[in-house]
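> One-letter residues, chain by chain:
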Amino acid sequence: MKGQIFLAGAALMVVLLVLIGSAFNAPAEIPASAAIAIQADNIANEYKYAIGLSAADGHDDLFAMSGYFRENVLGFDSIYALIVTDPSGPYRLTVGNFLRGVIDVNVSATQSSPQTISLRLADKERANWDFSGTGAVRLTINYTLQNVVRSKTLDFTTYSNQTIGWSDIGISSDDDRIRRDGVRTVTRQ
Amino acid sequence: MKGMFHTIEAVIVLAMLMVSVAVVFKPIQRADDSTLLAKSGYSVLHHLDDSGRLRQAAASNDMASIRAELRQWLSDFDVEICTLICTGTTRQDVTAVDYFIAGYQSFDPIRIRLYMW
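Here the protein sequences line up with chains A and B, keeping their order.
Counting from 1, one number per residue, gives the positions in the first sequence under the numbering used here.
Counting from 1, one number per residue, gives the positions in the second sequence under the numbering used here.
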């Protein structure tokens with residue numbers, strides 16, 4: 001009978017240990033996608049920095065940067081738009097596609113001519129359009145990739161000397177996908 | 001005979017206790033350690049970048065400055081600026097974080113790789 005009491009006591013201790021352990025050893029609440037999330041944050045910030053560089057040097061640095069990240073970051077894709085306004089002339093829109101597929105782009109712009117534009121962009125391809133506009137413009141970019149339609153609206157005024165950049169980046173891993181969307185407006189000197 | 005049963009029962013009790021202790025108090029999984037380390041490494045690099053102490057140093061390949069800045073926050077680390085490829089570290093069991101910089105004043109992308117252990 002003594003032995004059975006020892007066994008029962010041991011079983012009770014096991015139950016107690018499990019209860020104590022579950023209370024103190026709870027798993028850390030860190031998403032499995034943390035690694036690609038911090039990388040996406042870093043890259044999204046650098047897109048904003050590159051919009052500033054584009055405003056300063058007058059080039060579309062986002063195109064080269066998108067190509068760089070596609071080469072160097074596994075599972076990376078992006079789409080971006082760059083608008084350069086000029087009070088004395090038309091404003092220019094550039095759209096770059098690095099989404100790993102062909103996209104159909106439809107642009108509509110208020111207070112502008114032309115009012116709409118449609119184009120198909122291959123992967124790693126960009127296109128420029130010049131619009132003559134007056135005053136406050138609301139420009140909407142709709143793009144379709146594999147039957148999924150996404151949209152982005154950008155507001156600006158044609159009387160300004162600005163560079164407006166938008167990027168939507170994504171990083172995909174085996175079981176997760178992180179996206180970051182950002183806009184930056186830079187007033188040129 | 002009775003003594004032998006008691007011995008067997010005592011061994012079973014000990015085994016149950018040892019297994020339960022090992023299961024309950026197992027060390028936190030390495031993946032979680034690595035994730036935490038990666039997050040802290042990224043935070044340090046991002047902080048240095050935000051405060052203007054990383055971008056220019058990286059663009060001019062000033063590794064001494066970067067190491068000195070990192071040493072204020074991290075104890076066990078190595079760092080490199082990767083050109084075409086990252087050469088890596090000789091240490092085993094490290095957590096690596098890549099931090100990208102688009103350039104400094106002009107577009108010239110840089111990859112900084114931080115190793116921590």
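Don't take each hint at face value.
Stated by the list, open to error - Stretch-level coverage of chain A by chain B, calculated; a stretch enters the list once three of its residues show a Cβ under 8 Å from a Cβ in chain B:
id	segment
1	51-62
2	65-72
3	166-176
Unchecked claim - Chain B is faced by these chain A residues, among others (derived, beta-carbon under 10 Å):
id	residue
4	9
5	11
6	46
7	47
8	110
9	146
10	148
11	154
Calculated directly from the structure, the hints in this document are not laboratory data.
Backbone N, C-alpha and C define an ideal beta-carbon position, used for all residues, glycine too.
> If a hint holds in the structure, say so; if it doesn't, say that too.
Here is how each hint holds up against the structure:
{"no.": "1", "hint": "51-62", "in the structure": "holds (count 5)"}
{"no.": "2", "hint": "65-72", "in the structure": "holds (count 4)"}
{"no.": "3", "hint": "166-176", "in the structure": "violated (count 0)"}
{"no.": "4", "hint": "9", "in the structure": "holds (8 Å)"}
{"no.": "5", "hint": "11", "in the structure": "holds (7 Å)"}
{"no.": "6", "hint": "46", "in the structure": "holds (4 Å)"}
{"no.": "7", "hint": "47", "in the structure": "holds (8 Å)"}
{"no.": "8", "hint": "110", "in the structure": "violated (32 Å)"}
{"no.": "9", "hint": "146", "in the structure": "violated (27 Å)"}
{"no.": "10", "hint": "148", "in the structure": "violated (27 Å)"}
{"no.": "11", "hint": "154", "in the structure": "violated (21 Å)"}
Of the numbered hints listed earlier, those contradicted by the structure are 3, 8, 9, 10, 11.
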